[in-house]
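Please work from the sequences and hints to get the whole structure.
Protein chains in written order, with this note's numbering: chain L, 3 to 768; chain P, 3 to 768.
I should point out that these hints are in silico values taken from the structure, not numbers from a laboratory.
Careful, some of the hints might be misleading.
A pair counts as met if it fits within one copy or between any two copies, since identical chains are not told apart.
[Claimed, not checked] In silico DMTMM-like cross-links for lysine to aspartate or glutamate, where the CA-CA straight-line distance does not exceed 25 Å:
hint: 1; residue 1: Lys596; residue 2: Glu488
hint: 2; residue 1: Lys479; residue 2: Asp730
hint: 3; residue 1: Lys596; residue 2: Glu679
hint: 4; residue 1: Lys215; residue 2: Asp622
hint: 5; residue 1: Lys608; residue 2: Asp476
hint: 6; residue 1: Lys89; residue 2: Asp234
hint: 7; residue 1: Lys610; residue 2: Asp485
hint: 8; residue 1: Lys78; residue 2: Asp261
hint: 9; residue 1: Lys227; residue 2: Asp294
hint: 10; residue 1: Lys108; residue 2: Asp151
Here's the letter readout for the chains.
Number of protein chains: 2
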Amino acid sequence: MNHAQRLLAFAGAAALCLVARAEPSTGPLLGFTPDNSAAQLKLEATYDAQLNPADLRGWLEQMAAEPNHVGTPHDKANAEFTLAKFKEWGWDARLEVFQVLYPTPKSVTLELVAPTRFTAKLHEPAIAGDRTSANTKDALPPYNAYGADGDVTAELVYVNQGMPDDYKELERHGISVKGRIVIARYGGGWRGLKPKLAYEHGAVGCLIYSDPKDDGYGLGDVYPKGGQRPADGVQRGSVADMPLYPGDPLTPGIGATADAKRLKIEDAKTILKIPVLPISYGDAQPLLAALDGTVVPPGWRGALPLTYHFGPGPAKVRLAISSDWSLKPIYNVIAFLSGSEHPDEWVLRGNHRDGWVFGAWDPLSGHIAMMAEAKAIGALAKQGWKPKRTLVYCSWDGEEPGLLGSTEWAEAHAEELQRKAVLYINSDTNTRGFLNPSGSHAFQELVNQVAGSVRDPQTGVSVLARLRARLQVDAAKPGASEDDKELAQLAAAGSVPIAALGSGSDFTPFLQHLTLATLNLDFSGEEQQDGVYHSIYDSFDHYDRFGDPGYHYGVALAQVIGRAMLRTADADVLPLQFKDTAATIGRYTTEVHKLLDALRSATEQKNKLLEQNAYVLAADPTQTYVPPARDSAVPFLNFAPLDNAVTRLTQSASSVDALLASAPVELAHMESSQRLELDSLLQGMEAAFGHAPGLPGREWFKHTIYAPGLLTGYGVKTLPGVREALEDRRWAEAEQYIGVTAGALNTYSDRLDRIATLLRQAPPKK
Amino acid sequence: MNHAQRLLAFAGAAALCLVARAEPSTGPLLGFTPDNSAAQLKLEATYDAQLNPADLRGWLEQMAAEPNHVGTPHDKANAEFTLAKFKEWGWDARLEVFQVLYPTPKSVTLELVAPTRFTAKLHEPAIAGDRTSANTKDALPPYNAYGADGDVTAELVYVNQGMPDDYKELERHGISVKGRIVIARYGGGWRGLKPKLAYEHGAVGCLIYSDPKDDGYGLGDVYPKGGQRPADGVQRGSVADMPLYPGDPLTPGIGATADAKRLKIEDAKTILKIPVLPISYGDAQPLLAALDGTVVPPGWRGALPLTYHFGPGPAKVRLAISSDWSLKPIYNVIAFLSGSEHPDEWVLRGNHRDGWVFGAWDPLSGHIAMMAEAKAIGALAKQGWKPKRTLVYCSWDGEEPGLLGSTEWAEAHAEELQRKAVLYINSDTNTRGFLNPSGSHAFQELVNQVAGSVRDPQTGVSVLARLRARLQVDAAKPGASEDDKELAQLAAAGSVPIAALGSGSDFTPFLQHLTLATLNLDFSGEEQQDGVYHSIYDSFDHYDRFGDPGYHYGVALAQVIGRAMLRTADADVLPLQFKDTAATIGRYTTEVHKLLDALRSATEQKNKLLEQNAYVLAADPTQTYVPPARDSAVPFLNFAPLDNAVTRLTQSASSVDALLASAPVELAHMESSQRLELDSLLQGMEAAFGHAPGLPGREWFKHTIYAPGLLTGYGVKTLPGVREALEDRRWAEAEQYIGVTAGALNTYSDRLDRIATLLRQAPPKK
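Put into structure tokens, the structure is as follows:
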């Protein structure tokens, strides 16, 4: 059969697939002419037919068979296996190797030395029924990457989750962590902030433990009966100061090639200054039980069978860590399938491959979906199909310690990527449940169209319809937040909003450093259960039972992302819609207005209560109580530049969207120089949101709309220059970034207006 | 010294006391002429000087030395001791004895019979340092009074707190309790509702346990290190269906005198139909650990170190209870001090005396404050002072099993009380902390004036200022409810609102059956800690450390209630202010409007989600899920009668308050027949809120404004006829009770208008 015949052979299957759609297609696919749209749907049916859950299961079992963190033989073996597979499937694939600072523990000790003695196990034993849990020859003991070496002995203080509000609470009780070792439970914000904030408050060491309330028996049955964290399970993880910059700490902003110019370790700002160690709740329980002093407030209590106290002491602990600080190699696999019409427009796709130990959930469950896509696309190519734009598939190494593989690659190829990339789609852990779409809002409509066309494996409706149902039901629950209600209303009225991206996976260098359009897509929410995160029990046997039994959501993810990749690659005009961007930034702008108002009224309220001595009168006089400090009054700021820029963006976006609707047909007849200009404008739209000097105090982060919060780590801060300045009461900086952000929006609008001019000059539809 | 000299001798002390007041007195006391107001303040100083914390401690130690529940020798001994003391202090005191049904356990067995075997201890062992904990010769084993006898063996189901929403959650999971035994944790609503609702859902037995999250190690250190409930501590308590009627189950509506006509036990509607037993978390843990099935939702999880499951089974338990159902005597002590001017206007004061075992906290901590008042008032009388109105002090027996002493006495003396009582002030457990004022809102201003004049023992400001500070600080906390914010605003703007009374102590027969003005006053909030509620460890040694060390809040309560009693007894005109009643009922009316609107929008939302199949799509298909049933649309109702009645009440109250301000001076010259009519109108104002046929399905409860909720038990439902009909979607009944309630308000306004007419006819101020 030739190409056309092959496509026709799948038309029946495509029609069948359409019947199951909850979202009836009301017109051609975004960016396509009607004819090409129909052809694309047929192509997708062919694509779907290549996806086989048995493939995913086989790849997962093989790749998660041995420890595969940076530096292990199996990490390299998995790179070579992936490379070989990509080549087998017809891709132009290569290894790209970088040399990164990746410290590994040589010796680790944790002891309770007073009032009684206890030596922490710091060991995750083998569990019956989990075949790899005994296979630990190449595994490292549980540790946090990029903490400092040290040997400290000091009183212990419990700091809850170790976030800024927790230190405020400690201050209210007159408790200092200075010269002490803190013990924080996981949760509430990114792990790396816990030792950083502890250090900034004077602590000399930091323990982080997994409370059973958060992912142990408090949540569900523990492994192996259920999937939750057993008493000896430990959450490893990076504590590099990634909100400053991710990637190799020694090569910020440049690729960590063999000959790169490197910082000295002591000059690397993302390496912490105090030792930090993750521990199990089995090891934490004797330490917490040995604390005394005031009983903690209700929100600080975990699920251990004891009364939680702040300390300090009488518990005293010794924490000693020494590490190997040598450079290690990381292996990215990069695979190309060249575009037939626009080879220099790249549609990128990535998922990392390195785990903390076996990494079956994190990251291999997403990696196997990506492999399924690559295999199916390879099959299409073998049948004669070619993408119009170039597809680039990336298997990243070293994500866990600090997004190393993606960041070093993005930094090394920055100029080419900024010139060529039209979209980067990321995934990571993937499990049974609901689609979680997030990223650049110009692609929101594409995501909706795609998600409306993929069938949920369990319910038969589209994954979009299922997500919409959950948003509606969540918003109807008692205690639903105003945000939940607004999201549900938007979803009910039209397209389901996609979320904004903070950090925590390999999209960050693309979105926030290079300012390229980015999406992150995966399924989750019905995993049974994810309580083995970053532990030795994140294994094939565990995922096979609790992650995605049958691998149907692996296939669904390959369908969602595969469609998004293929439509972006094949569209006549890039499948962008700008009104979602304008509306979303309009919402963010309303939020920062409200934030300032809320700060003002909270400040007034607090200062009034201080004047009335109300805090002291309301406190128990038998307990130490230190009232909060008085804050200066909150000024009014000039939001006008931002408000005006949003108004303009809304109008410009609306005009361009209207013109783009008919563009796919008309552009075939456009003059080629104009077509080139138009394509170039559409390719790099997101760049308009970039601000070259970066965000305050962290120039690596260039995006003015989306950033990980300096004090949230993974959690996003939208309009970050404005929002973080307000939150931190830096009023002048807030006004400065109102201007910077307005400038970025106006640059975006300028670009939209030029696009509109070009489209208006296009010949009318025949 | 004569009376005047004695008063003068205390003038200095009174002035000193005034200096410490946070609330400067801006005019005469409510209801007093300026001269009499000044004299009253001097009297209060004399009164204060009689209060001695050592008295309180001594009485507590003696009265809590032996088990003192109904039927014990020490219960009778405490009655006789109280009687003797009242007499010694110059009161005309007597014992009033009733014969009540009070079942006591003869044998109790609880066993886990599958999948493993375990026999519950059902025993609270002696604790070192708690001297009475070994003194259990007369103690009963832990039990729930008025559960049924029975011997049942069945599968166990965990029902969280066993409240209506919990059964809805079970329905969503397809779980029935029919033919099973439920295990509920304490909390969320009144204990007696747990077995009642379990029975109504088909259960054959009910266990109620104290989860350590709620009053054990989850809240603070357990006894004896701290004050919280130890593993073997059990919360006893009544499970009679008191929202139907409290008091002796065999004599509803009449006094349980020796010759009273009694129901047969099987006809008494307040006795439960299934066996029910309270157990410790030590005994509960093996039962809960033996449950399997679906993991419960987050809100259902306690603090035991296990994963909570719904069941049913595989845990199977046997519960066997048999009881002695004979009548037992209860001993009320009633003490009179006759009024000099209005002997037939009674100001009543009560606190119960019986505990579940030793009862140091509950009730003796309140009882000793009441004794201190009686002693101090007696001393005033011995100095020659006489109250203008009659004071009646009541030491109730049998409160714990069902408000027996107060209810039987109130029923026996109903006609006289309705004719004579001007106010009943109740207290119960009293501890270190903040004043909790609640009751009839016509006395809100009196409570504010009194609380503004009593110094908080710890901070030196008035107990009113301290309460106001806490309301402000609570309302400023993140997540504060709209109710909290409204309360704080009202408190900041003027008088601190007093709460509405539900049930749970001896005020209920006075307020809700006889429709008499009632207050409940006590301190709490800083007790360290109350986790021994209704257990053997509610002891003198425990209270002395954790309840109110130094007994300063016992003295403060005697000051607050003593002032309220003396001012009400001595006022020239009863110290009433009606605008607070009008404003409060106005708020309640707004609430029921909003309730109907909220029901309508929730119904619309639910039905829409059902139409879209959203609940099913949002649920995990691997778990049983039963969507909620569709509800019929919520109609609009005619609130006009109620709204108009509130408007009228507001105007009438405002007029009367203005006239009452000058009344104390003018009334001295009023014609005596008019004065008699006025006094009679003021005495029985609250009666206007009565509705003789009572509330739907529970005629014993007559008050149209305040009632314990049928489905909350202790928790109040304001405008209960309307609110509960709305909540239960009985629309016709809601409209009927809108009319009934409006009628009560109009009767109240009629009375106010007649008062205004009388006051306008009074001679002008000279």
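Do the hints match the structure? See the list:
{"no.": "1", "hint": "Lys596 with Glu488", "result": "both (15 Å within a copy, 21 Å between copies)"}
{"no.": "2", "hint": "Lys479 with Asp730", "result": "between (33 Å within a copy, 19 Å between copies)"}
{"no.": "3", "hint": "Lys596 with Glu679", "result": "neither (40 Å within a copy, 58 Å between copies)"}
{"no.": "4", "hint": "Lys215 with Asp622", "result": "between (28 Å within a copy, 22 Å between copies)"}
{"no.": "5", "hint": "Lys608 with Asp476", "result": "between (33 Å within a copy, 12 Å between copies)"}
{"no.": "6", "hint": "Lys89 with Asp234", "result": "neither (41 Å within a copy, 68 Å between copies)"}
{"no.": "7", "hint": "Lys610 with Asp485", "result": "between (29 Å within a copy, 20 Å between copies)"}
{"no.": "8", "hint": "Lys78 with Asp261", "result": "within (21 Å within a copy, 94 Å between copies)"}
{"no.": "9", "hint": "Lys227 with Asp294", "result": "between (34 Å within a copy, 11 Å between copies)"}
{"no.": "10", "hint": "Lys108 with Asp151", "result": "within (10 Å within a copy, 67 Å between copies)"}
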